[in-house]
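S.K.: Take a look at the letters that make up each chain.
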Amino acid sequence: MTNPTASSPVGSLPPDLSGAVASTSDASSRGIEAPRAPRRRVRTGSNFEMYSWLFMRLSGIVLVVLVLGHLLIMNVLDGGVHRINWGFVAGRWASPFWQIWDLAMLWLAELHGANGLRVIINDYSRRPGTRFWLQVLLAVSVVLTVGLGSFVIFTFDPSMGS
Amino acid sequence: MSQTVESRGSVTVPPPRRGSVYRGDAGMWSWVAHRITGVLTFFFLFNHVLDTSLVRVSPESYNEIIELYKNPFVNLMEVGLVGAVLYHALNGIRIMLIDFWSKGPKYQRLMLWIELGVWFVVMVPGVYFMMERTVRVMFGGAE
Ligand code: HEM
Ligand code: HEM
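Protein chains in written order, with the UniProt record's numbering: chain A, 1 to 162; chain B, 1 to 143.
Don't take each hint at face value.
What the hints assert, rightly or not - Some chain B residues close to chain A (C-beta under 8 Å, calculated; not the full set): (1) Ile36; (2) Phe42; (3) Leu45; (4) Val55; (5) Ile65; (6) Leu68; (7) Tyr87; (8) Ile93; (9) Lys103; (10) Glu115.
Stated by the list, open to error - Label pairs and their calculated CB-CB ranges: (11) A:Phe48 / B:Val135: 46 to 54 Å; (12) A:Phe132 / B:Ile36: 19 to 27 Å; (13) B:Pro125 / A:Ser29: 56 to 64 Å; (14) B:Met123 / A:Arg127: 34 to 42 Å; (15) A:Ala94 / B:Tyr107: 42 to 50 Å; (16) B:Arg56 / A:Arg39: 51 to 59 Å.
Stated by the list, open to error - Residues from chain B that keep clear of chain A, each with C-beta distances beyond 12 Å, as calculated: (17) Gly27; (18) Pro105; (19) Glu143.
In case anyone wonders, no lab produced these hints; they're calculated from the structure.
All values derive from a computational prediction rather than experimental measurement.
All C-beta atoms, glycine included, are put in the ideal place defined by N, C-alpha and C.
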């Protein structure tokens with residue numbers, strides 16, 4: 001997926017002009033290019049950040065229904081949090097509808113939130129080492145949460161209550 | 001990281017300005033709040049999945065942990081969580097309208113006020129239903 005023209009910042013310029021272009025990277029210009037400087041290739045051949053941007057929006061739309069619905073059911077309807085106990089969860093997970101609801105909410109909220117956190121870590125961590133380890137920690141927490149949450153939904157055992 | 005003023009001959013180059021781009025406008029605060037509420041919800045979710053996984057251990061252990069959610073102080077924190085998630089959801093819809101609706105950028109400020117209005121109108125009955133029983137029991141009412 002590498003772009004052949006991206007390997008050289010000067011692209012296909014004739015050699016006698018390359019020196020002039022290189023001088024635009026002098027610190028005093030602060031990265032502002034000379035007028036009519038050949039366009040630099042910004043794209044690296046990967047659209048990952050664009051898909052990530054789109055995913056935040058698409059998952060957000062679905063999460064509005066899933067999460068706000070979940071909060072309404074858990075905190076407001078029929079006595080809210082006071083009626084929640086093991087039997088209540090068993091009753092809900094007897095229905096595939098709520099199992100799928102919770103599974104979709106688990107995966108989407110976790111991936112949406114983790115992708116948001118990935119961006120935030122990139123924004124604030126100053127040293128590459130810190131950044132790397134925070135991202136590793138984040139990835140581990142995602143695998144743990146999604147794995148454990150899915151496992152619990154799929155292997156829930158209603159006979160424990162009797 | 002240093003803030004020293006570089007000088008090149010007679011020309012003094014000021015250090016790059018640090019701090020915010022919006023410089024305190026509503027657009028900045030709505031973004032700050034979106035970020036904080038998103039992170040808060042993410043951390044809650046981590047804890048929430050651990051709590052819920054106790055249904056797989058035993059009914060007693062799950063019931064014990066869920067009792068904590070019925071404690072008056074924790075109940076108040078739940079109100080905070082619901083308020084945070086509701087803000088994040090409404091502001092997320094506003095972000096999507098700014099991005100995808102051709103008139104979105106023009107109405108972004110108006111949409112922020114509408115968003116805060118909707119948040120308030122939903123939270124008033126929300127707080128009532130979430131806290132009514134807790135407050136009643138606290139003042140000696142029946143369970
Ligand atoms: C204080 C507010 C909340 C309460 C009382 C609550 C309550 C519950 C309960 C009782 C369950 C068990 C399954 C069921 O009955 O459907 C559950 C599961 C779940 N909740 Fe919540 N919830 C709250 C907030 C949230 C929020 C804000 C999110 C999303 C960010 C969320 C995401 C989930 C997920 C993903 C599951 C499935 C967990 C698993 O697979 O193990 N909940 N919640
Ligand atoms: C309820 C429906 C939700 C909607 C409509 C929504 C919408 C959005 C949107 C559109 C963004 C992208 C902002 C941008 O690109 O500038 C975003 C960012 C984010 N969301 Fe959500 N979201 C929702 C639920 C959640 C949940 C449940 C979590 C936590 C698990 C979460 C955590 C985050 C985080 C951490 C960010 C990154 C914030 C930043 O970079 O400043 N969101 N959300």
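S.K.: So which hints don't hold here, by number, going up?
M.R.: 1, 5, 6, 7, 9, 10, 19
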